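So the sequence lines, in the order shown, correspond to chains A and B.
Count along the first sequence from 1, then add 4; that gives the number in our numbering.
Count along the second sequence from 1, then add 358; that gives the number in our numbering.
Simulated from the structure, these hints should not be mistaken for laboratory data.
You can take every hint at face value.
Cut-off 25 Å, straight-line C-alpha distance, at most; resulting in silico cross-link-like pairs (DSS-like, lysine-lysine):
1. K952(B) x K938(B)
2. K221(A) x K376(B)
3. K230(A) x K422(B)
4. K545(B) x K527(B)
5. K710(B) x K751(B)
6. K107(A) x K485(B)
7. K453(B) x K107(A)
8. K724(B) x K697(B)
9. K485(B) x K73(A)
For clarity, every value in this text was computed on a predicted model and none was experimentally measured.
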Amino acid sequence: MDTPDSAAPVADGNKTYNIGQINNATFVQETVQDPPFNEILLDKLINAIIPYNPKAEQLLSWAAGQDPKPDISNYSISILTYSFVGIIGMQLTKLFAIGADSKSNSRRHDYVDMCVVTAKRVLQIICFAIISDLWNKEKGHRYALTDEQTKKINNFFVTPNELPLRDYLILLSNLCGVYAGNSLPLPISELSAIESQLTEGAFFDACCKLQDINAIKNTDEKYAPKNCIEAETQLSVILTAASFLAAYKVVSIKNIGYEGLRNTEGRYLHKYVTLGQDSDQNINSEKMNYANNPINTDSVLLYRVSNLDDTNLFPGVKETDIINMFPFIIDYNALTEETEGVKICFYSCVDLLNNKVMTYSFLDDNSPQKITFTDTQENDPLINDIIKGKGKRTDLKLDTVWRQVKEAKVAIIGS
Amino acid sequence: MDKIYPFKFLDSYGQDDKEVFFGRKAEIDALYEMVFQTSILMVYGASGTGKTSLIQCGLAGRFKSHDWLAIYVRRGDNLNRSLDKALAENGANEKIPDFDIFNTTKTAAPVAELTPLAKSFKAIYLKNFRPIYLIFDQFEELFVIGDKTEQEEFINTVQEILRLDQPVKMIFSMREEYLGNLFEFEKSVPQLMRKKLRVEPMSIDKVREVINGIAALKETSYVTIKAGDEGPITESIFHKIKDKDKSLTIQLPYLQVFLDKLYRSNTDEIKPEGVQYIDTEFTNEAITKMGNIGDILRDFLDEQVASASSKLSKSGSQTSEDDIWDILSPLVTFDGTKKPMSMAALQKELPKTEKPVLVAVIKQFKDNRLLRHTEEGDIYELAHDALAGQIAKKRSVDEKALIEVRRILTMQISLNQAGSNNGMPELLSKARMDIINPYKDKITDPDELALINASNKAIQKQKEDALAEELEKKKKSRQLIAGLAIILSVMTVSFVFSISKYVEANHDKLLADTATAKAKYAETNATKKEAETKETLKALVKQTAISKAKEKESYGDSYQDNGNNDYALQIYKEALDSIKAYSDDSLYKQIERKKNELTVTTTQRSSQKRKP
Chain A
5 MDTPDSAAPV
15 ADGNKTYNIG
25 QINNATFVQE
35 TVQDPPFNEI
45 LLDKLINAII
55 PYNPKAEQLL
65 SWAAGQDPKP
75 DISNYSISIL
85 TYSFVGIIGM
95 QLTKLFAIGA
105 DSKSNSRRHD
115 YVDMCVVTAK
125 RVLQIICFAI
135 ISDLWNKEKG
145 HRYALTDEQT
155 KKINNFFVTP
165 NELPLRDYLI
175 LLSNLCGVYA
185 GNSLPLPISE
195 LSAIESQLTE
205 GAFFDACCKL
215 QDINAIKNTD
225 EKYAPKNCIE
235 AETQLSVILT
245 AASFLAAYKV
255 VSIKNIGYEG
265 LRNTEGRYLH
275 KYVTLGQDSD
285 QNINSEKMNY
295 ANNPINTDSV
305 LLYRVSNLDD
315 TNLFPGVKET
325 DIINMFPFII
335 DYNALTEETE
345 GVKICFYSCV
355 DLLNNKVMTY
365 SFLDDNSPQK
375 ITFTDTQEND
385 PLINDIIKGK
395 GKRTDLKLDT
405 VWRQVKEAKV
415 AIIGS
Chain B
359 MDKIYPFKFL
369 DSYGQDDKEV
379 FFGRKAEIDA
389 LYEMVFQTSI
399 LMVYGASGTG
409 KTSLIQCGLA
419 GRFKSHDWLA
429 IYVRRGDNLN
439 RSLDKALAEN
449 GANEKIPDFD
459 IFNTTKTAAP
469 VAELTPLAKS
479 FKAIYLKNFR
489 PIYLIFDQFE
499 ELFVIGDKTE
509 QEEFINTVQE
519 ILRLDQPVKM
529 IFSMREEYLG
539 NLFEFEKSVP
549 QLMRKKLRVE
559 PMSIDKVREV
569 INGIAALKET
579 SYVTIKAGDE
589 GPITESIFHK
599 IKDKDKSLTI
609 QLPYLQVFLD
619 KLYRSNTDEI
629 KPEGVQYIDT
639 EFTNEAITKM
649 GNIGDILRDF
659 LDEQVASASS
669 KLSKSGSQTS
679 EDDIWDILSP
689 LVTFDGTKKP
699 MSMAALQKEL
709 PKTEKPVLVA
719 VIKQFKDNRL
729 LRHTEEGDIY
739 ELAHDALAGQ
749 IAKKRSVDEK
759 ALIEVRRILT
769 MQISLNQAGS
779 NNGMPELLSK
789 ARMDIINPYK
799 DKITDPDELA
809 LINASNKAIQ
819 KQKEDALAEE
829 LEKKKKSRQL
839 IAGLAIILSV
849 MTVSFVFSIS
859 KYVEANHDKL
869 LADTATAKAK
879 YAETNATKKE
889 AETKETLKAL
899 VKQTAISKAK
909 EKESYGDSYQ
919 DNGNNDYALQ
929 IYKEALDSIK
939 AYSDDSLYKQ
949 IERKKNELTV
959 TTTQRSSQKR
969 KP
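One chain only, chain B, in its complex shape (with noise of 0.2 Å):
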């Protein structure tokens, strides 16, 4: 009887891998009761948790080959073709019966009345009268790679596809990190998201699970685990590969990286010459020999890039583990996952590198199984994400700049493809261009080449035309000024001019005014003076009377004294007379309270006289 090995390295489990598949028994159950309570169904989890293997073979497992028919649709270059080409290949394109040729009651639908996706789904269930199951493996893909037509186009498929009530059932198998992407899909198809099922990474029980399956193998297998030593061995691989990490669960792809270096470790030694398997007992002492993991994916794809390198120097091709990094970085994405890749296509990527050194490197790593080749398409693929993402993080900046230039160039190329613009093609701005510019010698693909070359072909036209724009700008605000500054020189000139006119004009009137001001002024003067000289004269004429009529006072009040009271009363009455212009200077009264009062002395003098 043929002897099974039971680790399947990095390559997922099939249908024909269910005796060897463990560990997932809970999920296939689960799974397979979700198939009958669904028309559309999500499986996700982490990289590298074994969703592919779950369906591929658990679910698969549970089928007879009459139970169902199982199409699995991977995203080629586009999704919807790669289903289309999927259909044709179940027997989409076969004929119908047509049941018209003797149907007289004519009850059933028309064959000509369906659509061609509901002719392709009815010919392909006639064909083989089973359920059809289209399986959407890696379906981060249509949002990774693939663009917002084909997305719509595939969202409008899948919506038709459930209105069919043909047995078509649909299993969408994708990475948990992109559901987000999911969100556009799920507003148009609303139960995308009511049955699903995560795909948890592997924690001790289910390790447990696998290393009893394995012993469970017996003689069938060439790996035998001694009958009580499954605990100790689950314990020791479990807490080796998880390391100093405190997570309670491993990655699947260490523990199949592992249990088949194990493997190797135990027999490469001694396993004659030609045979690819020998017989070996798995033992804790074994494990424990394996000494620390660390990362062990790190580590082995460390190993094999290093072996690579060494080998093709040695064959005379000086090629350094950087290049050979280089070669290995064009089958995976800017986010980190596969992306497959036809060797043409390598090439094109890798201009600088020499195809006999392209070809040797890549037929080491189909060798090694880190790479998986299908004929059709000549197409390589890495075998597993998690490869993806620890080639991914050896990239230089400047190799992840140069992807995220690609990235924007294809997208940007995908979409005027699309038509998109209303079909008018979208160059790239000068923010993008500022990104792109730095790695345009890097750029060998024509399109995108193309783009770059017209985008600051149209930059620079831009830039020129805004120039001249400001030119020109400059050229009228130099007008403008000038015709300001000549428009305000004349106003200037004529300004001066209608002043000095103005002065002008009004110069003589001026000089008249002035010559008024002045002669008034004179006049003033004069007058002022005058009036001064008057006020000065009368001043002194005043003062030369007051004096005087106070010299005459003196006079009075001499003749007074000496009794000559006519006399004084005479001077009195001439010192008044002289300053009588005066009547309200103190030496008036004055002198007019002396005569009144000489006056009646006097009278009274007379009339004493007369009396006898």
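Excised from the complex, chain A in its bound form (with noise of 0.2 Å):
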């Protein structure tokens, strides 16, 4: 017969049972009960995107006016996975995908982990999106940086590990401040709204305190269920005041062909992925596009909407409007020639002791996706052959990563 020292919980309901360590002062400690995933989550979020989506606030209507309240959280969770910007709806479909799965024996360590990764996504969209404009704008003048701003966002280009949360909160920080110091327009206007928030109140306080939940897993302890809640409860906060990106969409460019027969007008033909799921929770719909203009071949572009629903390509939006996050968010797949799928990278850090060397973390399992820079020229007398080789016409784009994110870097800070 087992030993009590030995034995495993025992579930019960929705309630886990330590039953090895379990005595009369500890009964009450060892009753664990799984929380409620993601019902604050749900309850803030579908009211902060109604500004940027009707659906939203038809449903809270139409479930005001029933009796009795029906339970919305499905069309709630359908509504939101495709309002917010592809990636970081991507990021809440999983969110909901733990809290669905009550077998799962990792639950709360994914769902705490999904958390803070969901708000350093958030932060990360926002500071590449800063990052890429303000290099678009550093080619034509360059803009005055305190030696503060200059370090943090040195700092982005040379960490050799990814920073965490509470880091790209400063580095937003001080991105925004190099805006206010040269009086420069941020290129996501809505962000002024939280501009107060990124060195103290409610948005810093929420990420903070997410960073801090996320410390746990680096000590013995195993997080409990009252930090799935504030996790929960933090990202909502994150989320909430971050809801603007539910006005925006991220598509990848997988190729772009060219059409000029004699006698008709040259046009392009652009083969694109919306990124994240559509209002048919359709997933990373591949789509062409005809245009009279090309555009950056394998960019993620980011732009702003006015209707959700209309899955055309950049309907009604100036070109200038749009983001291009390249290099800082690149599609693999698109790089690599692979026809069919995406895989999104977002960039990390480089290597400490190679700096040809660059990592990117593929956002479906955050594993380390590895850019390295094999200086393989285009002006090689012998280009036929480098780009008839599909390696080393990747390796040609792979390097283009890398040498645009220090050009960038160069750009931005001026070494």
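Need the complex rebuilt from these two chains, each delivered in its own frame; the hints are there to steer you.
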């Protein structure tokens, strides 16, 4: 017969009893209860996106008029997952999947981790958008940066480990400072609403608390239900503040073709993937679009839309309002000429020992994707052989990723 | 802390086994990368290379549970129904939230317009919020056991799934020797083989990864390997399993069976009663002691069969090893792959085997982990295709023939049930029945017997009809011949009659002619004779005249000689007169010359006399 110390926890309904360590004094303490995942998040966010998605208001209005009050969680989830800019929408989908997976042994761990990752992705998108925009602006004019700003931005480009959540918050604060200091309009205008909360206030507190909860996994402690609840709460604060991202979309440009038959107007055929989920619960839908002008190949483009249900490319969007997130967000599949599927990776860090290696973080599982600079030259006399070979073409493109990160750094901070 | 027994024998590795799944890191990485590059992926390899484990354990281990919803689909009786069932189990039939309730903009596709399949996947996704991975394991069964109708329906389903924008990916796992069967599939789904991964047999490097992995488990495992011994142990195991074979790889099932066998040989004699596992160390010495391995799997199976036979015999049921092989045979297809069977189906296949014997054998093989049992449907299945291959080799020629017979019958019954041949049930041809009939007595399935009997009846009827037709033909032929003969006879008679009449008719004429001819002949003859007589007479007359003329010539010559020219001349004239009809005769000419000469002479004399 197993001894009490080695007895496995016993589940009964939604309660788990660690009977191995149970005694009278600890009985209450040891009785654990799985928290109701995502309730807070759903409630906060569905209300937060009302300005950006009319369906949210329609749903809430309809629900308010019903008696008894219906369970609108399924509807809310469906609306939320496609509302937020694709990348964040996918993160929310994972959160909801974790919440729905009651059989998972690592549910709490996964949930807290996912909350932290989601919050970080939000900050990363905003930071990358600003850095991209600033880089564009710096090409024509060198803007003044304070030492602190230079230091923080430099840190972003040279960090050997991915910046934690709080550091992205600091980076964002400094980037906004650059814009403010140079009287530049922020590329994401809605950011001005939370600018004041980047160093203190609800948004700042939420990021810090989330990071603190995440630090538990580096100890011997395990996540408790209260950690899950707190993580969810802080994330809802962050996402509510960043709910303007519900008005944005991200697309990955897979391929651009050109058609120009004799006596016809030449035109470009863009093959792109709308990242994330759409209103039909389709994920990463591949689409095609004819246009008179080309756009950057292998780019990941962020832009604001007025109608989330419009799946056309850049519907009513000015070219100047489109932010190219490359090379900070890349579609690794597009760069390696994989015609199907997307592999979205976020810039993470550079290798400490080898300056020619950068690490990106694969969005789906946060696994590292290395980009190694091979110095494959376009002006190589054997350029024909290079272009013919898929491996060499890929090396050329990945070299471009590496170079452009370096160029962006130089352009923004001057070294 | 619970220790792990790191060997799975012939069972495939599942998601809970990722801590003991070694030797496939490169394949897992490649597979994981590919699933983000395609909606449809093929994993193939020889039997026993670990395709199922690679997906169920290796790939599954790379995903967090919230990142994928793996729906494993294994063909039962029909792959399409199995897919339907698997989808239903994952929420396909759950209600999809109807956005039309509050949706005033109505931009989302109405649920009512979705196809049943689209609805299924939407429902599953909305229940789980995870990308769906349909994993079709042992996919070759669709072609080995399934029929054309089933295959076509499945292809259509795959095409429809690919048209969905829903997050559904499909992974097919199959034995590489059946890749050729995908020809039609690939024509309909060109991207089928675009992304594929071949699972190679175990090279020594892979075996080294396995041994290193086991060694790294250290105290968490019942099996330990001393640091530094990993290399030599790898070499020993690899070469022992490889034996004399020059191949650079070994078969994974052999490795799995060997490692399990090695553990048991280390521990069986020292393990306390009732304890399943104890700690042991793998050493080179222990491996060397194992002796010659030979064909591990074959030997292992032979041992199990011998053991089962022995056990049953001891319990009073005389069951030979051949009987055991016969019991195992229905669990293997004709092609030597696994064939899941329910107990009921096994009993039907083996009517001559007593049920207690059958149950006892199945139980023993299940206890020895050579058979797997699924509660649902009471299905038994060999633990591995490698075992199926070994069992297939044991089949007698007769048994193989019987299996082929059963396959022909089953296929035809399926076709008839599917309504091929425009709904008309098709029977078997004579050529096929010639193969089947010698084994008719061994067929017990009523449908198969019905088909055999109906086919034989049809063939018999065909024979009889053919015979009748032939008889009819012969009869007609005889009639014809008789008729012809009659006609011919009549004609002959007529002909003869005609001829005879003709002859008769011409007979008189003929006679007449003959007579005439005779007469003529006679006349001719007579004439001829007369002529001849005349000629003869003529000749005689001439001859007589000539003779007389000659005589007269001679008288004339005499007269002349005597000077009696006148008399000579006279004679000569008489002679000439006598033969003047023969003036061309030389005598005539001679006499005439003489006469002329005499005449001249005489004239001259006369002249001389008158001259005074």
